[in-house]
Amino acid sequence: MGNKQTIFTSQQLDAYQDCTYFTRKEILRLFHRYRDLAPQLVPLDYKNQPEVRLPYELIGSMPELKDNPFRQRIAEVFSEDGEGNMTLDDFLDMFSVLSEMAPRDLKAYYAFKIYDFNNDDFICKSDLNLGKTLNKLTRNELTEDEVRMVCEKVIEEVIWTMMDRLSLEDFQHMIMRAPDFLSTFHIRI
Amino acid sequence: VSRRRASEKRSTEMGNKRAEKKHDKHHKTTRKEGEKDRKRPRRRNADEEEAEEESSKEKKNIKNERTKTVKLEDEKEKDVKKKRKNSESESHSESNSDAESKDNQAVGVLGSLTPEELEQLKEAVDERKKLITTLKGKPWPMKKKLVILRESQEFVEKYEGALGKGKGRKLYAYKVLMMKKWMKFQRDLENFKTACIPWEMKIKEIESHFGSSVASYFIFLRWMYGINMILFGLTFGLVMVPEALMGKPYGSMPRKTVPRVEEASAMNFAVLWDFGGYAKYSVLFYGYYNNQRAIGWLKFRMPLSYFLVGVGTVAYSYMVVIRTMARNANEEGGGDDTSFNFSWKTFTSWDYLIGNPETADNKFASITTSFKEAIVEEQESRKDDNIHLTRFLRVLANFLVLCCLAGSGYLIYFVVRRSQKFALEGLENYGWWERNEVNMVMSLLGMFCPMLFDVISTLENYHPRIALQWQLGRIFALFLGNLYTFIIALMDAIQLKRAEEEIVKKNMTIWQANLYNGTVPDNSTALPITVHPADVPRGPCWETMVGQEFVRLIISDTMTTYITLLIGDFLRAVLVRFLNNCWCWDLEYGFPSYSEFDVSGNVLGLIFNQGMIWMGAFYAPCLPALNLLRLHVSMYLQCWAVMCCNVPQERVFKASGSSNFYMAMLLVILFLSTLPAIYTIVSIPPSFDCGPFSGKNRMFDVIQETLETDFPAWFSKVFSYASNPGLVLSFLLLLVLAIYYLQSTSKTYKRVNMELKKKLQTQNEENKRKNKLAALKAANELEQAKKAGEQCSNSASDLGESTQNVSQLP
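Here the protein sequences come in this chain order: A and B. Heads up: the first sequence at position 92 corresponds to 92 in full-length UniProt numbering, and the numbers run straight through without jumps. Heads up: the second sequence at position 109 corresponds to 109 in full-length UniProt numbering, and the numbers run straight through without jumps.
A few of these clues could be false.
BS3-like, lysine-lysine: derived pairs with alpha carbons at most 25 Å apart [what the hints assert, rightly or not]:
id, chain 1, residue 1, chain 2, residue 2
1, B, Lys-757, A, Lys-153
2, B, Lys-136, A, Lys-113
3, B, Lys-758, A, Lys-153
What the hints contain is simulated information worked out from the structure, not anything from laboratory work.
Isolated chain B (complex conformation) (with noise of 0.2 Å):
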């Protein structure tokens, strides 16, 4: 018995052995054998383990063991690359004969293991397994991986089979065959995703010419691209779609018809880019959507339907704004810290990605310029020129500031009112200025407030990250502010139309009353005379004009930023390079120039118009996919405006280390734009003629009319058990303890983290110290032993010379 472990030992040994003579072959300098050893040392202290007990035991015994076990490995050996050589594509049976044949041969060898060698050998596979997922990630040459991974494969195929002797073989083998497909499905998969990602190749131009940062942009439009397509799917599929085929068709139903007085003018193109019309009484709009609980032969809940897809959104969007936000986190480095300052400088300031001498060039000077200048901050320390002057500059910027939001703020409110003045006097008599002032306002603002921030950001004489950082910070609040006030107007109106709703409520019961005016007069119901829809008078639906001003807005927006994109960068580049040679001063490099990319402003437009697409989506289903539409076409009109009209940035600075930064902006965008979408969902009752909850008391009731009627019994009253206000109470004072206890004990662990940091970085100090004060100890003893030397030979020669005169002495 003895024997035979000893010959089980030497096999799996053997197998090693012979793995790492094949690479020592391809070791190219000894670190990477010190490389090699480092991530291996499990190997390597199981081989000395075994090598030590080798050693102990009968040595003649081993050889001829040795010898026999040498030839059955090449047979199999030989068997695998036979098999290898075969395509992959044998039958399950050729391969499980052959495995077996191959399972038979090496349980031969492996004959009756003890439970323990069984588990080494188990975990040698399994450390194969983790080396071939892993074999990406080692800093080694191809041919050397490639080597190692048909090794690998090797070892994991002869000894896979018979690993699964006994008991669970069938099971064992089925479950390796399972993983493999697995594997190579996800392998596909992978292929697939990358296939399907647009415009790499246009997004790597730009990279090429204007560096990391500009990309960066339009890599964050293609991620909110993707995120568009999946709520435009939604809305798409499961509201719009069922409606439009399953629902009563156009022109049946008050609601879905065009009003008499309207239709006259319902298919002017005026009043369509105005989404009236036509437009208004569609799918696009909530109004069209009729409060039937079932409809078609699929028995389809529209009005559920209708809600859950607009929770789903919002819940979706926050799901993968937060996944994206962990995963950042994940990377980020030490934070803003300063102590590497220099080296980063050197070592990480090329962008490997420019591809483009002119960009080039922008890049030399600018590390030029950082380094002169980290060089003079270094050399001497800064001159304190006037704080006082300072400090009162910048209270004096920030309290410009305000007044420009407050200003602005105002502005919006005063033009919501007089619109709405004007709705009331009917829109015909006005221009077109009149009928678009609020979204033509709130653009203008949105164009003409950053510059002002900028000119008095001057002011301030901050360093330029941080004056980014400002600078971004006003424009949210500015943005922010304008779109809040927007909203508030617009409660303004729902108020005002409810009020009138009542006041059509009462008219319509005089109106019906009028109508049976002729007939039999009684309480018994007569035959309904056939009115046609377009005559019953309507109530107003303040949901469907909530989502046109949505929509109204994103478009106006839209519109301004196209048209300053063509007027502010095309216009101006074409001014100035044909202009250049008949005008006084140099056109490029003087006053106008070429503009640059204004990334931040970009983005920030980009979050807040994601912003009100969350807040209409649920009043308009048709904002997502016009906001698809918008990306497609933002994309391929801000490639070409930046490749034609755009140059590089001189000085790159980004606003933070991170690139969480716009992350936690529409994070807050998210969270800000979905409150008074679930206010008016919670508050307001819904119009009484017009949408999927009309005649119901609150939009959720939905819910609760699903739960009792689609739901067997017992759900509902489960679900009455859970809803009971203790049982509520409980569950949120609960979670209130959790985010608590998590917080306390996260703030914990940042603590102890930066104590750890801070040890490590005095032990540095320290041991620099120590060290240099041993150097210059060593240093001073080498002087002192090379003086005492140089003594000590003075001496000598002296004795050497004072014994010559004594010799000389007679």
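So here's chain A without its partners, still in its complex pose (with noise of 0.2 Å):
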């Protein structure tokens, strides 16, 4: 545990050891694992906060989220400028949230905003949202009736205003009561 590493202050560690839920080693592995998407980007010494932001690319083609079919809309949800372009801050934020130790709700929160594929705050049933979901999630094996009638059950079920369309409040009411959800949305670095 000596501070062997030139990396980062000791003060930037605690407060990243503060703000995420991993430990110093795992932090210094994630940078690490961020460097190599791209060593010439990324420097070795982040003590003056440099600001680099590795493309989209790059990080979609991360082992862990290449096979993903919602790989680009986590990227832009936790990227800062909403491209799916990250800084380390982003990535470190990123794999704190999916890792194990994040409590339910602050994974429901970050699981609307990954679903919410326009960004207006609400799950609708149109082609932009659960549709698109469903089409991703199965990879357009189903025909356009049954993505309709999914769709629609989905609503019914979750809904208790009028609206059609889920917001953070009714998607979160589904969501905590559901067994798998923390075991599913959990990515493992």
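Can you join these two chains into the complex? Each is in its own frame, and there are hints to help.
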């Protein structure tokens, strides 16, 4: 546990430990994973907080993410510019939320944002949200009729008001009960 | 005074407002502000109250004060920033003096605070501290979190020292320092603990290929490894090592020496593999231990330690299992209710752990199938095909299963009796099969009966999840039945050995008399003739026999598992892969194909093995060490086998929604395993010439002996009062009443919970209905209004036309 690393100041490491669910060793390991994506872009010295941003293509090619149908949305949600280009802070934040130790409500909040494809704080029935989710999940194997039916069933199950779209409260209320949510919404790195 | 108060209020409010302004800069969307509002209502309310109070005071004075405090604030901030720039390892004196100067400034501003304001300030500081600890769980982007963290830390630093003004100043500062050190220590401990967790990368690889349910088996294995490590530490450190180092060495006593008769074969590998020969007369088994009360220069109480370690392993296991169950119970959702079927399928079916294209393909296929099935089920109601046939088939299946279970139980009993007969006639006359018959039969039954149950269960036609639960229940019953039959047979063997013991005791006295045949035959204590320990006739040691049986059982079980793995998985995969080219049908899709990893079967096997360890650990202290080795090898072997020979499962059904299912089974096994051990300890007297309790009437007499001799006199008096039957009975009664009370309150809570849930549900449905009605009504009214409007416009146009016509009329 000696201070042998020269990448971060010890204050930075402590701050990261306070803001994420990772320990010191894991943060350093994550930094090296981040750097391995583009060694020529990421400097080895983060003490002056350089502004380095990795493009989405590199992030999406990580082995943990490349088979995930929602990887683009995940990168967009956690990136600062909303386009999927991530700084180290965003990278750490993303894996902290998706780690084992993050609590249910935090994960539910971010899950909602991931499934909200048009960023309007509602998951609506149309092509943009639920339909897209279903098509990504089944790789377009379901027919249009079936997709429409499932979307209607989902709305019917979850919504309490007359509106035909899910708000954050509805989503959270539904997902908190799900037995599988914590174990599936989890990336180990 | 009023002006100063205003200034003080202003200063705290300034701090808050400044922080808020900085927060505003980093707001992305207005919704986030809404989030923050919800999460920090207290501060907002406090601010609002203060703002109201402020507005009622004179504004000019406030303005003057404001500029003054702003200047002071700036100075303080500069000081704080200077301190931040220096390294954290400042000497205490420096930091103290800095803190003091800072404190003086802060104190200068906060001057003589009234108690309420002091309280408010303390509350604000505490709230900031809480914010720092819960910062990880806030849904803010990282940059915002870092900024807020820095500000909160500055705020806390600034005012914390000042708060300790007055009487408890030094104490407060000391407390704060200790708290900081404690947090740093905790953080280092966390870092250390995560560094110690083994096999993380292996499990991650398996997770990405097979999904979370297969990986859960390996996580369970790792957890078991941890428990066994502790058990090993206890038995090795407190039982085996002291006896080996400080007890009498090998060959010094009859019980520690191989008898002359067996000496010739004591080193043979076959005998050693069977745990006879030198292995039997060593620290590995109960029989080696001497009953001397205190050994070595440490006066280590060996028998007491042996007894307490036995009790301690069981107690530790109970504690760990129950604690894990309680932790898992907290995270449980609402159970298996189907009110959100489609929603859960949509939002939680994708397993984010998958990192392998083939598994991803499988997952996509299974999700699609699951959706299609659910849609079909939704659209048409299930046709009730012949209920009577299904019921008859299910009853038939259960009857067959019962026959199987009874058959296997009888088979084991028969085999154990046979092996006792062999033992009586001398094992050398029989080959390898007869000697290991019992273990082989048990392992083979454990391998083939589950497959049989699987075939029988196709008669039943259940939903896969329910079929899995039935299957697990049956395998559980099978293993349990086998184990208990084995124990009953062992009990018979113990009785036999004890009868033999009586005979040997009689023979001993005759033999000793014969020894002194030539010397002085009077009753005075003659000098004992030195007889080599190997030649002394030995009493049978039933405890060592029990230990040996368990060790043999576990070894054969392990061997069977590994061989099944190699043949069933590896050989099959090799055959399928290489014979596929020259075979008539497609081996990979057709009959043998690659095997899937059987999660529940493997977990059950693991649980039962652990049960056997718990049962036998008292009689063979080497069992936890053996198990540790076994788990270690299993981990590597099974990890390799899974990655090399198995394919991901097509449909994944978990046995239950919660992970407490396997924990509950473990608890049941723990309880059932400790029953036989407790029974033997309490009711059977120990052997007279082997083990640490030899010579005593019952094994737990060692406790009483220790109490009488090692503790002061009043201690044993107190205990004798405490063990008075009257007191014990009333204590038991109290416990029973407490259990009854707790159970009834928990039942009431559950009922109230269900009622509230139902109420909520009906309320929701009411709301939905009302909203739909209201919307319909609104739509109708809109329609009507439109129509009315149209009519009006129509009539207006008519009127216009008619007026036109009229105007056109001459």
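Now the hints, each set against the structure:
1. Under the criterion of a C-alpha separation no larger than 25 Å, the hint pairing Lys-757(B) with Lys-153(A) is consistent with the structure, at around 22 Å.
2. Simply put, Lys-136(B) and Lys-113(A) have alpha-carbon atoms about 18 Å apart, close enough for the 25 Å limit, and the pair holds.
3. Restraint check: the Cα-Cα separation between Lys-758(B) and Lys-153(A) comes to about 21 Å, which is no more than 25 Å; the hinted pair holds.
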